[in-house]
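Following the hints, complete the assembly by docking chain C onto the known chain P.
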Amino acid sequence: MRAGQYAGHDAVVSKGWWAAHKWLLLRRVSQLGILGLFLLGPWFGVWIVEGSLASSLTLEWLPLTDPYLLLQMLLSGGRPMQVAWIGAAIVVVFYLLVGGRAYCAWVCPVNIITDAAAWLNRRLGFKSTANFSRSTRYWILALTLLLALLTGSLAWELVNPVSSVYRALVFGIGSAWLLLVALFLFDAFVSRRGWCGHLCPVGAFYSLLGKASVVRISAVARARCNDCMDCFEVCPEPQVIRPALKGEASGAGPLILSPNCTNCGRCIDVCSKDVFRIDTRFNNSTNNQFLHKTEVAP
Amino acid sequence: MAGSEVKAVSRRRFLGEVTRTACGVALLGLGVGLYARSAASLPAEAIRPPGALDEEKFLGACIRCGLCVRDCPFDTLRLAELGEQVANGSPYFIAREIPCEMCPDIPCVKACPTGALDHELTNIDDARMGLAVVVDQENCIAFQGLRCEVCFNICPVRGKAITLELRHNLRSGKHALFIPEVHADACTGCGKCEKACILEEAAIKVLPLHLARGKLGKHYRLGWEEKRQAGGSLVAPDREHQYNLPEGMRYDYEGRGLIIDEAAPASPYADDPLETLKRGQEGL
Chain P
1 MRAGQYAGHD AVVSKGWWAA HKWLLLRRVS QLGILGLFLL GPWFGVWIVE GSLASSLTLE
61 WLPLTDPYLL LQMLLSGGRP MQVAWIGAAI VVVFYLLVGG RAYCAWVCPV NIITDAAAWL
121 NRRLGFKSTA NFSRSTRYWI LALTLLLALL TGSLAWELVN PVSSVYRALV FGIGSAWLLL
181 VALFLFDAFV SRRGWCGHLC PVGAFYSLLG KASVVRISAV ARARCNDCMD CFEVCPEPQV
241 IRPALKGEAS GAGPLILSPN CTNCGRCIDV CSKDVFRIDT RFNNSTNNQF LHKTEVAP
Chain C
1001 MAGSEVKAVS RRRFLGEVTR TACGVALLGL GVGLYARSAA SLPAEAIRPP GALDEEKFLG
1061 ACIRCGLCVR DCPFDTLRLA ELGEQVANGS PYFIAREIPC EMCPDIPCVK ACPTGALDHE
1121 LTNIDDARMG LAVVVDQENC IAFQGLRCEV CFNICPVRGK AITLELRHNL RSGKHALFIP
1181 EVHADACTGC GKCEKACILE EAAIKVLPLH LARGKLGKHY RLGWEEKRQA GGSLVAPDRE
1241 HQYNLPEGMR YDYEGRGLII DEAAPASPYA DDPLETLKRG QEGL
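Heads up: the protein sequence lines correspond to chains P and C, in order.
Residues in the first sequence are numbered from 1 upward in steps of one, following this note's numbering.
Residues in the second sequence are numbered from 1001 upward in steps of one, following this note's numbering.
Because the hints were derived from the structure by calculation, they are not lab data.
One or more of the hints may lead you astray.
Claimed, not checked - Only some residues are given here: those of chain P computed to face chain C with a beta carbon under 8 Å:
| # | residue |
| --- | --- |
| 1 | A7 |
| 2 | H9 |
| 3 | S30 |
| 4 | E50 |
| 5 | S52 |
| 6 | T58 |
| 7 | G78 |
| 8 | G125 |
| 9 | A130 |
| 10 | I140 |
| 11 | V159 |
| 12 | L169 |
| 13 | V170 |
Stated by the list, open to error - Far from chain P, by Cβ distances over 10 Å, these chain C residues were calculated:
| # | residue |
| --- | --- |
| 14 | A1061 |
| 15 | I1098 |
| 16 | E1165 |
| 17 | I1179 |
| 18 | Q1229 |
| 19 | V1235 |
| 20 | R1239 |
| 21 | N1244 |
Please read all numbers here as calculations on a predicted model, not as lab measurements.
Each residue gets a CB set at the ideal place from its N, CA and C atoms; glycine is no exception.
Chain P extracted, bound-state conformation:
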């Protein structure tokens, strides 16, 4: 990104505003649409979906259960009903296919908040922010499971902002807006992408779930890359791009294989050279397509 220009400027010039925001808009439609489906019932009495992201029932027959919560429940000694198992199985299969962290980008409402915070952080030009290791989230994930085991209750759910906020939105927001503000301020002024990219155990769980997912972003036309850095600027997990985009010399394929890629497609939007596209993991066509490069934290 050149000085004085925002990330994606070139793409807007070359592709037009709509094409340069296609995936972003689709994602917002998905996030708000899913939230809207949950709100149709309580607000307008149209009960297509009941419940929350923890567990829901669509059209009174399709159960969906958060496997992360189910896992905590199992560790705390609960015995879920069959319907919870079925609901969790459907969710697991879905994210095994589309990429675990697609949940973060396409479903989780906190993403809108943290995206806004990251945007503000970029506009303000805060370069150095509080520095957590990106692996902190896995520590926290382990902690939440350990707490379930030790306390015999879903202890993390007492404080988990992701489920609290969603529940609050669906069941009537109370003090949860404070959490939203706190998350926004934290991401905007303390640590850019601090929550989703470094701490959130839900995202960490889903990243593990999607480790071998089929749907992937591919830097398929990486030869066209003009090093404008726009994709790195907008990517919530920029460390995942480099092995795919710049890995040709070391024989890495063009697929972004890191489980932390959220498949948000923002890199596709902002690239004026159309380097990226949504692809499947079977399409990692280089000479060494089985060479997996480990993720590099910047």
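Chain C in isolation, oriented as in the chain P frame:
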């Protein structure tokens, strides 16, 4: 940062970062763990939905999805929010505000995907959400000798969970007190009595069972119960007591008390008790 540089991260720095993260996360865990323990003590006025497992198990089984809340047709249930004393996201109701209407099909239990609300509960009368207790006998107007009986009349298991015990009204001398008495074998803890109580602050309240119920020591035996179960007294009958009483007197220990065989001496009271009362009136 290319791959070769990554390997150059020194062991010292790596260990340092791991320790730093581990310590931070451990502190977080300590905080959440302690919070979880304090959040496990439910306030007495928060009642769990019918079929809820014991509080300890409930907190492990409830995934806070809110499906029970959604399926409650009377908006009785609500989900605890952050900062409330009830564990965040778990369902409860406050009887004084909206009590449980005891739907025969128990939709909240059916909706629960995890069994935190026990699906074995199919007859709502078997629910034990809590136990109604007449907590304030000094303000319950039935104890003043006034007719109320609202809690008795509103009770969904009318006549079983709450009965009216008639007691003599010592104040007026000629009226009865209609005292509400709760029976734990029939009370579901729905809270309709608490909701309906006419006092500004209810004198009958639904309390969680662990608060509402006393517990007899394990060694305790009720003689008459044991006798009934065994079909006869378990101890050898007492030897008949020998009384050393004046001539013409007996003592009947089976209930009649002191018996005087001789003709009774002249009593200060008339044979007709009404006469006695009238005499008292005249003396005033």
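A quick look at each hint next to the structure:
1. A7: Check failed: Cβ of P:A7 comes no nearer than 20 Å to chain C, outside 8 Å.
2. H9: Result: violated, 26 Å to nearest chain C Cβ.
3. S30: 21 Å, violated
4. E50: With a minimum Cβ separation of about 5 Å from chain C (threshold 8 Å), the hint on P:E50 holds.
5. S52: With a minimum Cβ separation of about 5 Å from chain C (threshold 8 Å), the hint on P:S52 holds.
6. T58: The hint is violated - P:T58 has no Cβ within 8 Å of chain C, the shortest such distance being about 12 Å.
7. G78: 4 Å, holds
8. G125: Given a least distance of 22 Å, the restraint on P:G125 is violated.
9. A130: 12 Å, violated
10. I140: 6 Å, holds
11. V159: At 6 Å from the nearest chain C Cβ, P:V159 passes the 8 Å test, so the hint holds.
12. L169: 11 Å, violated
13. V170: 7 Å, holds
14. A1061: 4 Å, violated
15. I1098: It holds; C:I1098 is separated from chain P by about 15 Å at its closest Cβ, greater than 10 Å.
16. E1165: 41 Å, holds
17. I1179: Nearest chain P Cβ is 41 Å from C:I1179, so the label holds.
18. Q1229: 36 Å, holds
19. V1235: 46 Å, holds
20. R1239: 58 Å, holds
21. N1244: 67 Å, holds
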